[in-house]
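So you can see what is in the structure, the chains are spelled out below.
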Amino acid sequence: MRRILEKYFEGHKRSTLCEIGAFRDLLEYNGHNLTIPMVFGISGAMGFGYSYGKDRPIRPDLHLPFTVFSPFNPFPLINATQVTNSWRRFGRNSDKDKAWEDTKTLINEGNPVLVEVETQSYFKKIQLFNSSEISLPQTGGHVVMVYGYDEEDQNVYIVESLLMNPVKINIEEFKLIRSVSDCIMPPQNEWQVFYLPSQLPNMEEMIFNGLSHFVNQMLHPYNFNSDIFFGIDALEQFRKDVFNWPSIMDLDQLKTSLFFVQNFGTFMYPMGGFLRKLMGEFLKECNQTFKGKGFVEIGDMYLSLCALWNRIISQIHLINSDDGKMKLNTHISENKKILNEIFNLEREAAESLVILLEKL
Amino acid sequence: MSHIVDNYKHYMGSHCSSTLISNVLKYNGLDISEELCFGIGAGLGFVYRKAFNPPLYFVLGRADDIEEKVMYCLGGMAIPYTTDNDQTAWKQLTSSIDHGNPAIINVDASCLEYLRKKFNLFDHVRYGGHRVLVLDYSNEKKTVTVADYLWSQYQTVSIEHLQNARSSQDGQMSADNLMYTLLLPGRYFSIKDAIISGIRMNVKTMSQPWFDLIGLSGVGKFCDRVLTWPRLMKEEDIKKNAYMVYMMLEVVGTGGGNFRRLYARFLREANEYLGSKTIRKAIEVYSELGRLWKEVALLFKISSEDVTKGIWAGTEKNKILLEQIKKYENNGIMLLQDYLNE
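Chains as they are written, first to last, in my numbering: chain A, 915 to 1274; chain B, 10 to 351.
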């Protein structure tokens, strides 16, 4: 049996954010041509999260037993579904063979399937990151779009958002890569399928909704527990903590936490300033819809934030101190100054968006 | 963990999802009625589809994922999680209770005795999309305390029965151990803004659905095709389908009148914020739709006993009734769209 949804791949564009890129490709597959910054923005995907990983996680698979932050809203596809008036089916299965059969059924019905994978084995398999360049921990959290399979040549056809060309992986190997259940953020055969309408809500409406959700979660962050912070609260906590990380965690935890900083800052989105560049691009694109309303100016604020975050990212790495212990770097006072500047500008930009939204 | 039970106040309602999300939001300090939750959650809908084995039609007048939409329109998020690992599901649930958060979960209604007693529908079908709210558990007694929309008293069920109901894979909609975790925003969007978002979302889901057997096109197909059912099935199956449709339109969690009465009540409450003449007209349309759907439901009930009577009696009146429903359903959405354009 062979079924390949060729049309899906034809519309593919590279993206550094896997979920956003996959959703953009799906929109294209369904006849809706939106850019990656636009999908990022309307999904209210920008944000900031920070967690110590000690208390209960939001979802069982999101238990991260170390200090970690995220430069974006960790559930952008829930918002993307709502803002585009789509419907999402999803699930998780402990039986890798059953999971594969379900995936085939969905593809046979004409649906590309978004599947989570374990990154260490997956990136090694597709030779994306050279293991000598980056030491990847075993972790899930990365999604790929399965758009076909061929049982004769035993291959799964995948669109990897970071690559321009499609990827083929042996079916049995793919089953193992997606079924890992004992790593950080285990994929556990998680899958999602999206059903999109033939007509999207109008652009003004989607932009307004995306921005409203973003500024609300930044300035009036979600409350979950005393261990997980969002928005401006998360930034505040990150600003207070980051230079003390070596003293509040052991070396393994510290290395893993730093991996996530570098993951978002360097590997996945180099020079992207923790996604603030994408936000700046989104706001400038909004100017085509809402001309002369101040989007460009606020977009520039996010591009300034991008530059500031890039400076911080380049500074946050381990060095040996004189007493033989690890510390972050020797320019802490200067970096604190930059972080304060970031904090103030993040707040100012979000507040400017509130004022702008009130005028629309 | 009796603190949840002590602090939670249970209000009965018309539909499981909207009742429970309203009660959970109240528990968390936002005083919002079931009706507002139903409308803000873009709950108005229609699904008409057929399964072939067993040959049962699924006819339902509401949309999916009300919890996610309510939270979205209010500026928060409802995060769903499903798993086939019962231990993970149980741990997630008890952890939520231990932290003082009542948990909205899916259950297969046919697996819980108090639901089977109330609705004999579940002798025929499995339905894993029923929501209950878990408030408490006892490892010693091996029981769980749940709140359900139609019961004023909490229900005590065994952990084993609840696990079976949660993990059920049978029927057209499996329960999949689904549980929602709510991310409450530090500040909600205003109720008025949330109402407008909900109406806008509902106009879209009804008029531009992702599939042509749902929304207004689903209503049209149902009204056009339902009179042909006797030609497509054995008498026994027709009776079973007729009974199911009656229950799904009128009895099981619809508030009567295929959710249209509930939606009319939402609009009435919403109009206290909106003050619109157009919405006032829409209230009349949805009230009338509630009456019309009830009439249809009762015809199905008659047909479930004798297929030559009721909806399939072959009368012109029945055809007119179904045509009226189509017309009113379209008018309702047009009025809501007019309001949004004002």
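Note that these hints are calculated values from the structure, not bench results.
Keep in mind the model is a prediction, meaning the values are calculated, not measured.
All residues carry an ideal CB built from backbone N, CA and C; glycine is no exception.
Possibly wrong hints are sitting among the right ones.
[As the list claims (entries may be wrong)] One side only, chain B facing chain A, incomplete, derived with CB under 7 Å:
(1) Phe67
(2) Gly84
(3) Pro194
(4) Gly195
(5) Lys213
[To be verified] Result set (SDA-like, lysine to any residue): computed pairs, CA atoms no more than 20 Å apart in a straight line:
(6) Lys100/B x Ser1095/A
(7) Lys1012/A x Thr97/B
(8) Lys968/A x Lys201/B
(9) Lys968/A x Leu349/B
(10) Lys1012/A x Asp95/B
(11) Lys201/B x Leu1020/A
(12) Lys1010/A x Gln96/B
(13) Lys100/B x Pro974/A
(14) Lys1273/A x Asp107/B
(15) Lys310/B x Phe67/B
(16) Lys100/B x Leu978/A
(17) Lys968/A x Lys100/B
(18) Lys201/B x Glu1065/A
(19) Lys201/B x Ile1269/A
(20) Lys1012/A x Lys201/B
(21) Lys100/B x Ser1008/A
(22) Lys1012/A x Asp93/B
(23) Lys1012/A x Asp179/B
(24) Lys1010/A x Leu349/B
(25) Lys1082/A x Tyr1109/A
(26) Lys921/A x Leu1020/A
(27) Lys1010/A x Asp95/B
So, going through the hints one by one against the coordinates:
1. Phe67: Violated - the Cβ of Phe67/B stays beyond 7 Å from chain A, reaching only about 15 Å at its closest.
2. Gly84: holds (4 Å)
3. Pro194: holds (5 Å)
4. Gly195: holds (3 Å)
5. Lys213: holds (4 Å)
6. Lys100/B x Ser1095/A: Holds, because 16 Å separates the two Cα atoms, which is no more than 20 Å.
7. Lys1012/A x Thr97/B: At roughly 19 Å apart (the allowed maximum being 20 Å), Thr97/B and Lys1012/A satisfy the hint.
8. Lys968/A x Lys201/B: Violated: Lys968/A and Lys201/B sit about 38 Å apart, past 20 Å.
9. Lys968/A x Leu349/B: Between Lys968/A and Leu349/B the Cα gap is close to 46 Å, so the pair fails against 20 Å, i.e. violated.
10. Lys1012/A x Asp95/B: holds (17 Å)
11. Lys201/B x Leu1020/A: With Cα atoms ~39 Å apart, Lys201/B and Leu1020/A exceed 20 Å; violated.
12. Lys1010/A x Gln96/B: Distance ~18 Å between Lys1010/A and Gln96/B Cα, so the pair holds.
13. Lys100/B x Pro974/A: OK: Lys100/B and Pro974/A at ~9 Å, within 20 Å.
14. Lys1273/A x Asp107/B: violated (44 Å)
15. Lys310/B x Phe67/B: holds (16 Å)
16. Lys100/B x Leu978/A: Holds. Lys100/B to Leu978/A sits at ~16 Å (cutoff 20 Å).
17. Lys968/A x Lys100/B: Answer holds: Lys968/A to Lys100/B is near 16 Å, not above 20 Å.
18. Lys201/B x Glu1065/A: violated (54 Å)
19. Lys201/B x Ile1269/A: Satisfied, since the Cα-Cα distance of roughly 19 Å is no more than 20 Å.
20. Lys1012/A x Lys201/B: violated (46 Å)
21. Lys100/B x Ser1008/A: The hint holds at about 16 Å.
22. Lys1012/A x Asp93/B: Distance of about 12 Å is within 20 Å: holds.
23. Lys1012/A x Asp179/B: Within the cut-off at roughly 16 Å; holds.
24. Lys1010/A x Leu349/B: violated (47 Å)
25. Lys1082/A x Tyr1109/A: violated (25 Å)
26. Lys921/A x Leu1020/A: Holds. Lys921/A to Leu1020/A sits at ~16 Å (cutoff 20 Å).
27. Lys1010/A x Asp95/B: With a Cα-Cα distance of about 17 Å, the restraint between Lys1010/A and Asp95/B holds, given a limit of 20 Å.
The structure fails to meet hints 1, 8, 9, 11, 14, 18, 20, 24, 25 from the earlier list, while all remaining hints are met.
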